[in-house]
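Number of protein chains: 2
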Amino acid sequence: MSRKILPVILSGGTGTRLWPVSREGMAKQLLPIVGDETLLQMTLRRVAGGDFGDPMVIGAHPVRFTIRDQVEAVAPKARVVIEPARRDTMAAVALAAGIAAADDPDTVLAVMPSDHLIREGEAFRAAIRAAAEAVAGAGVAVIGVTPTEPATGYGYIKPGAAATGAARKVTRFVEKPDAERAHRLIFDGCLWNAGIFAFRAGWLLDALAAHEPEAVASVRASVAAMKPDLGMLIPGKDFEAIRAISFDHAFMEKTDQAVVVPAGFTWSDVGDWNAVWTTSPQDDAGNAIRGDGMAQDASGNLIHSENRLVCALGVENLAIIETTDAILVTPRDKAQDVKGLVGALKAAGRPEAVEHLRNHRPWGWYQTMDLGERFRVKRIVVKPGAKLSLQKHHHRSEHWVVVRGTAEVTTGTNTRILHENESVYIPIGEVHRLANPGKIPVEIIEVQTGTYLEEDDIERIEDEFGRT
Amino acid sequence: MSRKILPVILSGGTGTRLWPVSREGMAKQLLPIVGDETLLQMTLRRVAGGDFGDPMVIGAHPVRFTIRDQVEAVAPKARVVIEPARRDTMAAVALAAGIAAADDPDTVLAVMPSDHLIREGEAFRAAIRAAAEAVAGAGVAVIGVTPTEPATGYGYIKPGAAATGAARKVTRFVEKPDAERAHRLIFDGCLWNAGIFAFRAGWLLDALAAHEPEAVASVRASVAAMKPDLGMLIPGKDFEAIRAISFDHAFMEKTDQAVVVPAGFTWSDVGDWNAVWTTSPQDDAGNAIRGDGMAQDASGNLIHSENRLVCALGVENLAIIETTDAILVTPRDKAQDVKGLVGALKAAGRPEAVEHLRNHRPWGWYQTMDLGERFRVKRIVVKPGAKLSLQKHHHRSEHWVVVRGTAEVTTGTNTRILHENESVYIPIGEVHRLANPGKIPVEIIEVQTGTYLEEDDIERIEDEFGRT
Numbered sequence: 000m001s002r003k004i005l006p007v008i009l010s011g012g013t014g015t016r017l018w019p020v021s022r023e024g025m026a027k028q029l030l031p032i033v034g035d036e037t038l039l040q041m042t043l044r045r046v047a048g049g050d051f052g053d054p055m056v057i058g059a060h061p062v063r064f065t066i067r068d069q070v071e072a073v074a075p076k077a078r079v080v081i082e083p084a085r086r087d088t089m090a091a092v093a094l095a096a097g098i099a100a101a102d103d104p105d106t107v108l109a110v111m112p113s114d115h116l117i118r119e120g121e122a123f124r125a126a127i128r129a130a131a132e133a134v135a136g137a138g139v140a141v142i143g144v145t146p147t148e149p150a151t152g153y154g155y156i157k158p159g160a161a162a163t164g165a166a167r168k169v170t171r172f173v174e175k176p177d178a179e180r181a182h183r184l185i186f187d188g189c190l191w192n193a194g195i196f197a198f199r200a201g202w203l204l205d206a207l208a209a210h211e212p213e214a215v216a217s218v219r220a221s222v223a224a225m226k227p228d229l230g231m232l233i234p235g236k237d238f239e240a241i242r243a244i245s246f247d248h249a250f251m252e253k254t255d256q257a258v259v260v261p262a263g264f265t266w267s268d269v270g271d272w273n274a275v276w277t278t279s280p281q282d283d284a285g286n287a288i289r290g291d292g293m294a295q296d297a298s299g300n301l302i303h304s305e306n307r308l309v310c311a312l313g314v315e316n317l318a319i320i321e322t323t324d325a326i327l328v329t330p331r332d333k334a335q336d337v338k339g340l341v342g343a344l345k346a347a348g349r350p351e352a353v354e355h356l357r358n359h360r361p362w363g364w365y366q367t368m369d370l371g372e373r374f375r376v377k378r379i380v381v382k383p384g385a386k387l388s389l390q391k392h393h394h395r396s397e398h399w400v401v402v403r404g405t406a407e408v409t410t411g412t413n414t415r416i417l418h419e420n421e422s423v424y425i426p427i428g429e430v431h432r433l434a435n436p437g438k439i440p441v442e443i444i445e446v447q448t449g450t451y452l453e454e455d456d457i458e459r460i461e462d463e464f465g466r467t
Numbered sequence: 000m001s002r003k004i005l006p007v008i009l010s011g012g013t014g015t016r017l018w019p020v021s022r023e024g025m026a027k028q029l030l031p032i033v034g035d036e037t038l039l040q041m042t043l044r045r046v047a048g049g050d051f052g053d054p055m056v057i058g059a060h061p062v063r064f065t066i067r068d069q070v071e072a073v074a075p076k077a078r079v080v081i082e083p084a085r086r087d088t089m090a091a092v093a094l095a096a097g098i099a100a101a102d103d104p105d106t107v108l109a110v111m112p113s114d115h116l117i118r119e120g121e122a123f124r125a126a127i128r129a130a131a132e133a134v135a136g137a138g139v140a141v142i143g144v145t146p147t148e149p150a151t152g153y154g155y156i157k158p159g160a161a162a163t164g165a166a167r168k169v170t171r172f173v174e175k176p177d178a179e180r181a182h183r184l185i186f187d188g189c190l191w192n193a194g195i196f197a198f199r200a201g202w203l204l205d206a207l208a209a210h211e212p213e214a215v216a217s218v219r220a221s222v223a224a225m226k227p228d229l230g231m232l233i234p235g236k237d238f239e240a241i242r243a244i245s246f247d248h249a250f251m252e253k254t255d256q257a258v259v260v261p262a263g264f265t266w267s268d269v270g271d272w273n274a275v276w277t278t279s280p281q282d283d284a285g286n287a288i289r290g291d292g293m294a295q296d297a298s299g300n301l302i303h304s305e306n307r308l309v310c311a312l313g314v315e316n317l318a319i320i321e322t323t324d325a326i327l328v329t330p331r332d333k334a335q336d337v338k339g340l341v342g343a344l345k346a347a348g349r350p351e352a353v354e355h356l357r358n359h360r361p362w363g364w365y366q367t368m369d370l371g372e373r374f375r376v377k378r379i380v381v382k383p384g385a386k387l388s389l390q391k392h393h394h395r396s397e398h399w400v401v402v403r404g405t406a407e408v409t410t411g412t413n414t415r416i417l418h419e420n421e422s423v424y425i426p427i428g429e430v431h432r433l434a435n436p437g438k439i440p441v442e443i444i445e446v447q448t449g450t451y452l453e454e455d456d457i458e459r460i461e462d463e464f465g466r467t
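For the record, the sequence lines run as chains A and B. Be aware that the first sequence starts at 0, since it is given in the working numbering, and climbs by one per residue. Be aware that the second sequence starts at 0, since it is given in the working numbering, and climbs by one per residue.
Hints listed in this document are in silico derivations from the structure and should not be mistaken for laboratory results. Some hints here could point you the wrong way.
All copies of an identical chain are treated as equivalent in the list; a pair is satisfied when it fits inside any one copy or across any two copies.
Claimed, not checked - DMTMM-like, lysine to aspartate or glutamate: derived pairs with alpha carbons at most 20 Å apart:
#1 Lys175 - Glu453
#2 Lys391 - Glu454
#3 Lys377 - Glu421
#4 Lys333 - Glu315
So that you can see chain A by itself, here it is in the shape it has in the complex (with noise of 0.2 Å):
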């Protein structure tokens, strides 16, 4: 082939089964699960350089910003384009199909998520090569995981004839089938989808227009309207119109083109608990311990803590997740019931269901740090040349210092630098803006008096990212 292979990275999911680490407010694959960077980072180095172009990774709104941060620290040329809504995955495809035909119809694409986890590398842009070989003049490849387990949580492909290579015919999709059938599946030779698939951008946009012309004409529409903005390429507005369905029930299901090749990796989706621990490193007792964990005669656990020290003590196959504001305790073979436990905390109003402590910004985060009846002490992090609104606050002052890194404070019509060690203080509504001029990150620490300090106490003037 003399075009390169264009890597599309479908990041717009949300994750609430690996709860209390992925929550609504910051799915899976943005999370540093199994490794010291995040799924989402871990799959760009995946299909980075050699037959890949530059990777596009289709993304959520509410997490732009962390989307964009974290492609830019390891893929810095890729394209994040971002959702204007949650559309499921065939409005995503068709999205990256309709952008990539607007450069060259004939590029062929590998859509794959940005949640799955496959340590070997090599094996899988093997697969990804040989997808794109059998599409390049027409048709949709799709690669197999040859299955484990009777698994009831995945879809199923029947392979058929030979195609081009090791591809073969998709006889049927089967989706999530009971265990029963699972076996029967299995014992056929079926193959697990692991929602990884290769296509030429024209042919897949003029075959799905078969079956969902409305769609396609919205594509193209929100792709020619589509402008940059911060770093980041926001499609018009008609990409709302199309209908929330997933690309395999949309399209594959239908379609008769469609072929299958094998996986020569190992895969797993990471998708309860459990599974982490099955992928994670795990000493001679079988215990897997990710951060500050201790396990004392004690074995097959899954010890995740991110703050402080987790001891197991005579305990055997449990899952033990600490996090800054929420601990779950459960055996591993109950984690598909994680998601039922969110939905229980969500339906009682628990903020711990949906959103993190720490909160990501487009200039950087801020977390609670202490909390009393009348005060608010924050940690504050102001990316090098980010800048917040010029805001005020009608119930609270604050008192700023300076820990690290150099600060452009403006309070009233006075705008001044202040240095680590050094510290301010914003009465009751007084307008104030804080600034990073510098090449290093800034951090504050504010400390908020008053008797009313929630966020929505807020009144923006002035605002680089367009809340005011």
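Mind docking chain B on chain A? Use the hints.
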């Protein structure tokens, strides 16, 4: 009886079996393990008024201010006696007798541990009255608790011939039998030794002197040299010469003048997390939840949460204990092994094994709320009327923000009053002091910056508590 019974509460113990809540630095009697008040405070309330005089608490030096403050809150007239060194229960019991005898050798003492749970207060007081009556002339009475299981961790008492009232002569003591023997002892009508004794002060000193003449001499000398200090009584240094041995071994097992009074109350030594679960209110599924815990599809668990949401999903009979800096997960029936775990943590040099994050001081407490590479944020609470030392630091600056109350702040030669929402900066090397001249606690957020931020960077120029 015309004289009132003198309740003596022994609070010198250290606790590791209820780790991570109880630690060497703060034993279980000083913590609210089973109620809103601490076990020490619950014990004080159990002997308030009626036939009982103002109690005496015997405590350990490292935690003297905590003991003093907890006692003052519920029994302001109590005497707090601080042992100059830890010397086990013979020394503590003899000390109490020596102090009481100096006033009136005919005083009857009721000596009891501070870390046991007895919910039936009236039945407890009736048993103590019966014990006191039995020894108004001579002898020592011990309360015998009806065994509920063949426990191997307790001492057993074999009752013999009838004595005064419900009391019976003690035939013999059996210390920590194996399970088979424990069964036999229960069959023989033996009772548990709950460590609750009654005797006349003068009688005990004379009787003990027959076995331990040097100990009694040391006690008399240390009582003669006893001095008040900051609301406590500190016996003289002779106390340190007493050998460390339990009252049971040194005296009860040797005397032929012991009687046993059967307890008419249920009793728990709150000896491990399983005992805490047993004595705690439970939901229909047998989950005992203290603090912010949630149990789903789970039964028989103890959840103790001090700070954050703890979710138990699909687990059975676990103890899940959450504290600010350490978390423990263990089956309830292995709760006895916690002591060994703490030993392992201590061997590994983990501070969590020994110290709590909240540091109690004579003037109040402080706790680190956030820690960065070159900064530390503390919350500091100063009691009304209290004053920290006049001090300086060689490696750090401090920013103080008053978030509650009124502080008196000295920096260099300047002293001024800081109100809520006011702040002050203390440069490296500047002499400073914090005091609370008001009637409510002062709370300060302290932001330290510097390259070395440990507690030992402190030079005390002047101190109310003799720490210069």
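These are the hints, each one checked on the structure:
1. Lys175 - Glu453: neither (44 Å within a copy, 57 Å between copies)
2. Lys391 - Glu454: within (12 Å within a copy, 37 Å between copies)
3. Lys377 - Glu421: For Lys377 and Glu421, both the intra-copy (16 Å) and inter-copy (17 Å) Cα distances are at most 20 Å.
4. Lys333 - Glu315: both (13 Å within a copy, 12 Å between copies)
Hint 1 from the list above is the single one not met by this structure.
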